[in-house]
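Colleague: Following the hints, put chains E, X, F and D in place on chain C, whose structure we already have.
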Amino acid sequence: MIMAILQGGPLGIFIDVPSLLIVCGGTLGNTLVHYPFKDVFDALNVAKKTLLYKETPVADLIAQLMGFANKARKEGILALQGAMNDVEDEFLQKAMQMAVDGQEPATLRNMLATEVEYIEMRHSKGANIFVSIAGYSPAMGMVGTLIGLVQMLQNMADPSSIGPAMAIALLTTFYGAVIANVFCLPIAGKLKNRSEGEILTKTLMIEGMQSILSGENPRIMEQKLHAFIAPKLRESTFNK
Amino acid sequence: MIMAILQGGPLGIFIDVPSLLIVCGGTLGNTLVHYPFKDVFDALNVAKKTLLYKETPVADLIAQLMGFANKARKEGILALQGAMNDVEDEFLQKAMQMAVDGQEPATLRNMLATEVEYIEMRHSKGANIFVSIAGYSPAMGMVGTLIGLVQMLQNMADPSSIGPAMAIALLTTFYGAVIANVFCLPIAGKLKNRSEGEILTKTLMIEGMQSILSGENPRIMEQKLHAFIAPKLRESTFNK
Amino acid sequence: MIMAILQGGPLGIFIDVPSLLIVCGGTLGNTLVHYPFKDVFDALNVAKKTLLYKETPVADLIAQLMGFANKARKEGILALQGAMNDVEDEFLQKAMQMAVDGQEPATLRNMLATEVEYIEMRHSKGANIFVSIAGYSPAMGMVGTLIGLVQMLQNMADPSSIGPAMAIALLTTFYGAVIANVFCLPIAGKLKNRSEGEILTKTLMIEGMQSILSGENPRIMEQKLHAFIAPKLRESTFNK
Amino acid sequence: MIMAILQGGPLGIFIDVPSLLIVCGGTLGNTLVHYPFKDVFDALNVAKKTLLYKETPVADLIAQLMGFANKARKEGILALQGAMNDVEDEFLQKAMQMAVDGQEPATLRNMLATEVEYIEMRHSKGANIFVSIAGYSPAMGMVGTLIGLVQMLQNMADPSSIGPAMAIALLTTFYGAVIANVFCLPIAGKLKNRSEGEILTKTLMIEGMQSILSGENPRIMEQKLHAFIAPKLRESTFNK
Amino acid sequence: MIMAILQGGPLGIFIDVPSLLIVCGGTLGNTLVHYPFKDVFDALNVAKKTLLYKETPVADLIAQLMGFANKARKEGILALQGAMNDVEDEFLQKAMQMAVDGQEPATLRNMLATEVEYIEMRHSKGANIFVSIAGYSPAMGMVGTLIGLVQMLQNMADPSSIGPAMAIALLTTFYGAVIANVFCLPIAGKLKNRSEGEILTKTLMIEGMQSILSGENPRIMEQKLHAFIAPKLRESTFNK
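Residue numbers (my numbering), protein chains in the order written: chain C, 65 to 304; chain E, 65 to 304; chain X, 65 to 304; chain F, 65 to 304; chain D, 65 to 304.
Chain C extracted, bound-state conformation (with noise of 0.2 Å):
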């Protein structure tokens, strides 16, 4: 694609010190007026994680909860105690912790799902930062472009400096819509997929850590939770 670029001439006509500042000046004053200074800098790296993080399959975690199922029912669910040191993700560290301690099943979901509906709510928060940038940047790259224009139809004194200064004035419409649609609206869109996935792996926990609370058969327990999957990541522990 850098390579086609080329065919028409160097990159170096694509790079104006002041068309870059106005652009990036701008877009980052107004993200910085919208969101606190501490906000955009928390997603600038939960966005350099999220691109490097690599998933747990879910039928992995499924696996995984169908075992504390079998132990809980045949060693009671105090076992689940030992259990908890294998288990890395905190959160459903948390809702054993919550069932060894005694917790109902019902309180167990209410206060769950309360953790993951603000879960929820922060990450889109981090999501909505990169959409608000998507949205100030071409916005000030429009604004560069009008103050290019107005300066150079100000100054028409030489008909062959339009050329290369109308050139100038459109750099800011690319710099904005470069910043919006090849960096912004893809890491935006990536994050959300992210915590979709995330909030379904929560999700299967709370509903996985209910049953063995209420002390479900594994058989349903196991039809309850492959309803969350698709059908050809549904491998039964029990046909092995």
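Chain copies aren't distinguished; within one or between two, either way the pair holds.
Computed cross-link-like contacts, SDA-like style, restricted to lysine to any residue with a CA-CA straight-line distance of at most 20 Å: (1) Lys112 to Asn192; (2) Lys288 to Ile183; (3) Lys113 to Phe101; (4) Lys288 to Thr301; (5) Lys102 to Lys118; (6) Lys256 to Asn109; (7) Lys288 to Leu172; (8) Lys296 to Gln157; (9) Lys189 to Ala291; (10) Lys135 to Phe302; (11) Lys296 to Gln161; (12) Lys102 to Leu297; (13) Lys112 to Lys256; (14) Lys189 to Arg298; (15) Lys256 to Ser188; (16) Lys256 to Arg186.
For the record, the hints were derived by calculation from the structure and aren't laboratory data.
Modeller: Just chains E, X, F and D now, kept in the frame of chain C:
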């Protein structure tokens, strides 16, 4: 339509490899940041199947469910075990297996409703991938046109080259608009339609199996199922 | 309005067959990928009927329901069997049949509410087809204009041909805007309005039949039904 | 603002009858396909009233309701019959009549809540008519500009006529933008604001009459009603 | 950024009083038709306060609520009367007063939840005023540019004046874009963020006071409150 275009000149002038690379490469890149590679690949597969798929008429499904109701009424719910072999739809098979296994009507409904809800989520994910591509491709088309314009404006020594250069710059906008409007949006719409049809089918299956399990009067069950479909599709099995 | 256009020149300059083919052919193609042929055909039929259809005033419907309430109060619910012959609306007939058949008020409400919900879904599908066409046609208009511009820019040997070539290129945008804004959007709006009117009518029928079945006081039933309509349309049957 | 425009030339150049006919005629035509004539006419009437209407402060309404509560507590619920004559609002009169007629608090709330819901629907219909006009008028403005451009481009014999022809072509876009942004959108916004205010008023009336009917402690009733309004508007009737 | 703009010419060319009057006057006019003068004035005040306001960390609020819980557990609910003097937040004071007055937990929650709902409505009204201005100002900018273009095109006698006239015509678009994107949208976003923060704070207060009134175990109460906030903000008061 293609003949109409040919009237204005040869099709060859609409093909420019660097422009195609900018739009398609850029759109693909954005899409792969936004969605995992596997999901994009799956979406293409699902789209291919969807366009070739033929739906079963809902009237036939209702007739089939009425047959099961009569069988269950006469020979008991376990008689559905034998009928399951003739059923192609995996979802209906699962519902019947749950009925034969002696699940409560409410449990059956809850579990299957969860499954339908998550099927809907997965379907809309597929459609959303095409909607996202339809959003990225015109944006990349505009980016490509801006690149072409900047290159053209920087090199205006030869006035006679302005026309063709502008034509090539506009080609990326053209590609972006065609990818979005001729391919992605109609396919996304089709996928949403198909999904709605499938959800309706599965809702009828849940409603029907619950009626059968509750031992409801077949006439009332038929009235209930008919409420989901258009009056002109309603063919009572009792008038035959 | 057409005279206003004629002031600027003959209407003939607004007709260009290749342009029409590009916009109409492209829009039709997209629509037929998006929706099954049958649905598009149905939508056109429904649109025709809708534009010619005359609504029954809700006040008349309430008076009719009050008549049934008084009849049922005096002669028993089975007396509605005779009154059914005068009822033209199939939905009301069905509701009365269910009442005469001795259904519970709650069952009657649930079944009819499901029916209304799915009627609404089918109606909105029809309106959505027009909304989709209104989305595709300006896009195809823009695609056509881009085709025309590219062809024009590639052949700029004769400067005097630029004006007419540009005029023809703009015609596709014009066709797209007219199809969307003069035909599809107002019709889609009309269909939505009609659907809302029909849903209100059916909601009144459900509410009324449930009151009759529950043997509610006719004055209270009338107050309930009046709550759905504007004060100035409320004509009590008791003040007559 | 008009003086600012006059600096650039006489206002007369902004008036072109054929352009006005295209935009206004086209917009009116679309609107009348979309909505019945009666509804459009009503919307204009409502808009006129709305712009001249003066709201009653909610604090006064709460004081009035507290007065009724004290009266009902001392002299019995039937004492409200006499107080009804001083009430101007028809909705509050109806609520009081229902209370005096001995309706259950729950029935009173359900019936009045249905009424408020449908009032809201009718109000939003009025606002939506203006929103629709605000959508059609810029579209018709663009259609008019396209007509003007096509006519101009077809007759480019005299270069000196291009400027004024282009100016007239742009007038329709100007008219469309002014109709939408200077008239329709602010009026639609005003109607929505007024509707929200009226819904809040009616919600307070329902809440208040239900408290009175349930014989709730007036202090608690006042606290409940104050929860609906801003702290600085809360004036307790007990501190006076 | 301003230095970047200065590279292209003096700032003076971006100031044109008639253009400013058209955009600002028009936008103000539209806004005052849309919203009552008092609401617009209030919104400006709220915006000023918001930008200078410093939020209390939620962790501190939870610690404060835990302190009240322990006090109420040891010395009885009436002991909160004394603690109320140290509370600055009026909403928390009201909640505590209601607890001391002996309200049922459910009544307390209902009344305060209504209050939070209406606070949210009033907040979003303030943000919406800025969103509306951000919608009107680019529209008025476009109207101003159309006015400038029409005036310019009608007077094309002197070709050398076209550049500056066009520059001035574009200034209104520039003003509209700056008002919307640099001022109104970021401020509206900030107001929405602040509102969300305040709603979260008030939700924690309701949740906490209800736990205290119900005499819930402080450890469980803390777990409940922590579910609302990010894991890294959770500092147990029991580990200190």
